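Engineer: Could you put together the complete structure from these sequences and hints?
Okay, here's what each chain looks like letter by letter:
Number of protein chains: 2
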Amino acid sequence: MDQSPPHPETQHQSVTFAEGLTLDCGRHLASLTVAYRTYGTLNAARNNAILICHALTGDQYVAEPNPETGKPGWWDNLVGPGKPVDTENFFVICTNVLGGCMGTTGPRSPHEDHPERPWGTDFPPVTINDMVRAQKLFIGHLGIEKLFAVIGGSMGGMQTLAWAALYPQHVFAAIPVAAAYYHSAQNIAFHEIGRQAIAADPDFHGGQYWEHGVIPARGLAVARMTAHITYVSEEALSRKFGRKLQEAEGLSSLGERFEVESYLQYQGSSFVRRFDANSYLTITRAMDLFDLAAEHGGLLANAFKGTKTRFLLVSFSSDWLFPTAQSRAIARALNHVAANVSFVEIKSDKGHDAFLLDEPDFHRTLRGFLSGCAEHAGLK
Amino acid sequence: MDQSPPHPETQHQSVTFAEGLTLDCGRHLASLTVAYRTYGTLNAARNNAILICHALTGDQYVAEPNPETGKPGWWDNLVGPGKPVDTENFFVICTNVLGGCMGTTGPRSPHEDHPERPWGTDFPPVTINDMVRAQKLFIGHLGIEKLFAVIGGSMGGMQTLAWAALYPQHVFAAIPVAAAYYHSAQNIAFHEIGRQAIAADPDFHGGQYWEHGVIPARGLAVARMTAHITYVSEEALSRKFGRKLQEAEGLSSLGERFEVESYLQYQGSSFVRRFDANSYLTITRAMDLFDLAAEHGGLLANAFKGTKTRFLLVSFSSDWLFPTAQSRAIARALNHVAANVSFVEIKSDKGHDAFLLDEPDFHRTLRGFLSGCAEHAGLK
Chain A
1 MDQSPPHPET QHQSVTFAEG LTLDCGRHLA SLTVAYRTYG TLNAARNNAI LICHALTGDQ
61 YVAEPNPETG KPGWWDNLVG PGKPVDTENF FVICTNVLGG CMGTTGPRSP HEDHPERPWG
121 TDFPPVTIND MVRAQKLFIG HLGIEKLFAV IGGSMGGMQT LAWAALYPQH VFAAIPVAAA
181 YYHSAQNIAF HEIGRQAIAA DPDFHGGQYW EHGVIPARGL AVARMTAHIT YVSEEALSRK
241 FGRKLQEAEG LSSLGERFEV ESYLQYQGSS FVRRFDANSY LTITRAMDLF DLAAEHGGLL
301 ANAFKGTKTR FLLVSFSSDW LFPTAQSRAI ARALNHVAAN VSFVEIKSDK GHDAFLLDEP
361 DFHRTLRGFL SGCAEHAGLK
Chain B
1 MDQSPPHPET QHQSVTFAEG LTLDCGRHLA SLTVAYRTYG TLNAARNNAI LICHALTGDQ
61 YVAEPNPETG KPGWWDNLVG PGKPVDTENF FVICTNVLGG CMGTTGPRSP HEDHPERPWG
121 TDFPPVTIND MVRAQKLFIG HLGIEKLFAV IGGSMGGMQT LAWAALYPQH VFAAIPVAAA
181 YYHSAQNIAF HEIGRQAIAA DPDFHGGQYW EHGVIPARGL AVARMTAHIT YVSEEALSRK
241 FGRKLQEAEG LSSLGERFEV ESYLQYQGSS FVRRFDANSY LTITRAMDLF DLAAEHGGLL
301 ANAFKGTKTR FLLVSFSSDW LFPTAQSRAI ARALNHVAAN VSFVEIKSDK GHDAFLLDEP
361 DFHRTLRGFL SGCAEHAGLK
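Chains A and B are the protein sequences, given in the same order. For reference, each letter of the first sequence is one residue, going 1 to 380 in our numbering. For reference, each letter of the second sequence is one residue, going 1 to 380 in our numbering.
Note that these hints are calculated values from the structure, not bench results. Among these hints, one or two may not hold up.
[As the list claims (entries may be wrong)] Listed next, the in silico SDA-like pairs over lysine to any residue satisfying Cα-Cα at most 20 Å (straight line): (1) K136(A) x T33(A); (2) K240(A) x A199(A); (3) K308(A) x H376(A); (4) K240(A) x F190(B); (5) K240(B) x F190(A); (6) K240(B) x T33(A); (7) K240(A) x A294(B); (8) K240(A) x D291(B).
[What the hints assert, rightly or not] Which chain A residues stay away from chain B? Per the calculated CB distances, all over 12 Å, these: (9) A45; (10) L137; (11) K146; (12) E211; (13) T230; (14) H336; (15) H376; (16) A377.
[Said to hold, decoys possible] Using C-beta positions, here's what the derived DEER-type ranges look like: (17) K240(B) x Q265(A): 42 to 48 Å; (18) D291(B) x G297(A): 48 to 54 Å; (19) P360(A) x K71(B): 40 to 46 Å.
Remember, it's a predicted structure, so these values are computed and weren't measured experimentally. A virtual CB, placed ideally from N, CA and C, is assigned to each residue, including glycine.
Structural biologist: Next up, the structure:
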């Protein structure tokens, strides 16, 4: 496994806010850098902006090749000219989340008191709300008062919900996809496996791996592998790998591998080259802490009282990580406050990852909803 | 975490077979030791014996305190005088599985060519069928021609199915509980996480950890934690831990822990003190290789053609590891060959682990089935 520190020199487009950001934990970041990408053109009225929020291991490279992996943008099938999120009509923005490792302030950034080294595990804990506040600062910097839409899947869906709760006046439409309004005990447990695996890797060095010129690649790979299983359905895993033996050599040795194993090993090892372990710890913790109901006296509906935002909730039938029941509970809370809400469960056997894949029903639904909202917003 | 090698000196009751055992992989073990415990009395006709097959991390201490942990036997609630598996009527046998680490030949046993050191990762791969063949040898040693019943949960259920398929003439009744006739891609993937975590632990030393006076405790703990999540339902995990913070100190640091996390850490660390990492690798691999349909030309029914064995299949409604659909498929195959089969899905929200817990419906069902079979077998 490649042990070299992953491309710390890549330059990302970014803006630095000298005023910094005060976090939910009470700490104040003296300075905040937000890395971002935009697609399409902001209209004169500045009311055609769509913010896309990325998931745990996503980044700002939504609809163009990722400079670090060379792979297509992670929502390239959804965002672009003529695509469901049409960059010929909309100005699409995506920022790397606070705590991330693709240019926005996070554990890999210089420590504010010791700029000669990264924050590492000294980076303060952040919340989904903190991520959204950083995005709000950035939107203001672009001169945008109100977003036409916020869209996000998985943790991006959590941010979308947080936007609608924190800044209802600034979000015309909100589209949480494969989302959850709190992280369940099982969700937390799977994250904890990953964090334990990272902490158990001797190359982690208590989070100060850069001092040793290594990365905790094995632990991070185990973390990624664990997460990956939760992203796919049993059906998808079976279809892709079934019980085929990679080498049909019979029971010759313990080295014999089921295909699913080598796949997971590959997934794990390509991941460690692009993602910072301390960011993984910081962001998984932010997800674990998310509980929009608890923030509002235990009643989710309170988060959306009086909202004028139009909601589209999308879930996928085989998603067992953020199951349909989660989206349904959000729809119920929104109905409770008489919000404008559409809720669609997409039939898919691809699991949580379906939100990233070519799911024609999802894409059609999203295109239609955006088009309807654009009319209501006077955009056409 | 305790790094000392776990009690290698414990003596277990055992029998050694000088003829050894030929394995599915083609290797011949020159000598085979089977460690065991029995409860109750074998009757004069030698037809009241019940073999209990243990699960992945179980052992032969079914109904008495475990000498290594001091905890009650793992099926103490089910097996004993007056209990559903009544040791006043039945002679109950349990052997440590081949490949295990509680006295039966396995990776911790002396290497047959280098007796000065353990087999370690040189131990040949074993199958569920190999485990059953070792048990068959042991049953013969006790002078038992036909078992009244074979009972097992989880991997024990796999062994129970293998007994019925390999030795139909020698099993009057078979009771696979929370069982599966093959290990799914998702099952294999979760095992692979555990194996990767063990292999990634620097204290693993390529499987020769004893040479360094250490055990791969951190990797084994991550493996156990991963497995543990699959043993419980989301409901059970939520009920027990919910999202309560162990220390209600707010967002002060990343060290803050959800209760589920410290629970998993405890589970992981108590486990490493009693279980050998190489046994974990060997036994998980045996489970992954299990596919009773593939062994019989792709048709599960072929495994049971002409069987006279009476079957009771038990599944638990919230078991997502070996779900009810697995037991239903087995019932269908047995129906296909006109076998005598009862199938009960027990309503429980405790997940796969329910087979170990006090589930009155399960216990009543088992007691009734054994009583009926005892009549048919002329035992009363």
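Engineer: If a hint holds in the structure, say so; if it does not, say that too.
Structural biologist: Do the hints match the structure? See the list:
Only pairs whose Cα atoms come within 20 Å are accepted, and K136(A) paired with T33(A) is accepted, the gap being roughly 13 Å. Only pairs whose Cα atoms come within 20 Å are accepted, and K240(A) paired with A199(A) is rejected, the gap being roughly 31 Å. Distance check on the hinted pair: K308(A) and H376(A) sit about 12 Å apart at the alpha-carbon level, within 20 Å; holds. Only pairs whose Cα atoms come within 20 Å are accepted, and K240(A) paired with F190(B) is accepted, the gap being roughly 16 Å.
Only pairs whose Cα atoms come within 20 Å are accepted, and K240(B) paired with F190(A) is accepted, the gap being roughly 16 Å. Between K240(B) and T33(A) the alpha-carbon distance is near 40 Å, which puts this suggested pair outside the 20 Å criterion. Distance hint between K240(A) and A294(B) is fulfilled; the C-alpha atoms sit about 18 Å from each other, no more than 20 Å. In summary, the hint linking K240(A) to D291(B) is supported, as the alpha carbons are separated by about 18 Å, within the 20 Å threshold.
Distance check for A45(A) against chain B: the nearest CB is about 39 Å away, which clears 12 Å, and the non-interface claim stands. Against the 12 Å criterion, L137(A) stays outside the reach of chain B, whose nearest CB is about 20 Å from its own CB. A cut-off of 12 Å between C-beta atoms confirms that K146(A) is not in contact with chain B; the least separation is 30 Å. No beta-carbon of chain B comes within 12 Å of the beta-carbon of E211(A); the shortest separation is about 18 Å.
Not every beta carbon of chain B lies more than 12 Å from that of T230(A), the smallest distance being close to 10 Å; the non-interface claim is violated. Distance to chain B confirms H336(A) as a non-interface residue, since its nearest Cβ pair spans about 22 Å, more than 12 Å. The claim that H376(A) is not at the interface with chain B holds, since no C-beta of that chain comes within 12 Å of its own (minimum 37 Å). At roughly 36 Å, the least C-beta separation between A377(A) and chain B is larger than 12 Å, which holds for a residue marked as non-interface.
Separated by about 33 Å at the C-beta atoms, K240(B) and Q265(A) break the suggested range of 42 to 48 Å. Between D291(B) and G297(A) the beta carbons are some 52 Å apart, a value that agrees with the proposed interval 48 to 54 Å. For P360(A) and K71(B), the Cβ-Cβ distance of about 54 Å falls outside the hinted range of 40 to 46 Å, so the restraint is violated.
Figure legend: structure checked against the earlier numbered hints; hints not met, in rising order: 2, 6, 13, 17 and 19.
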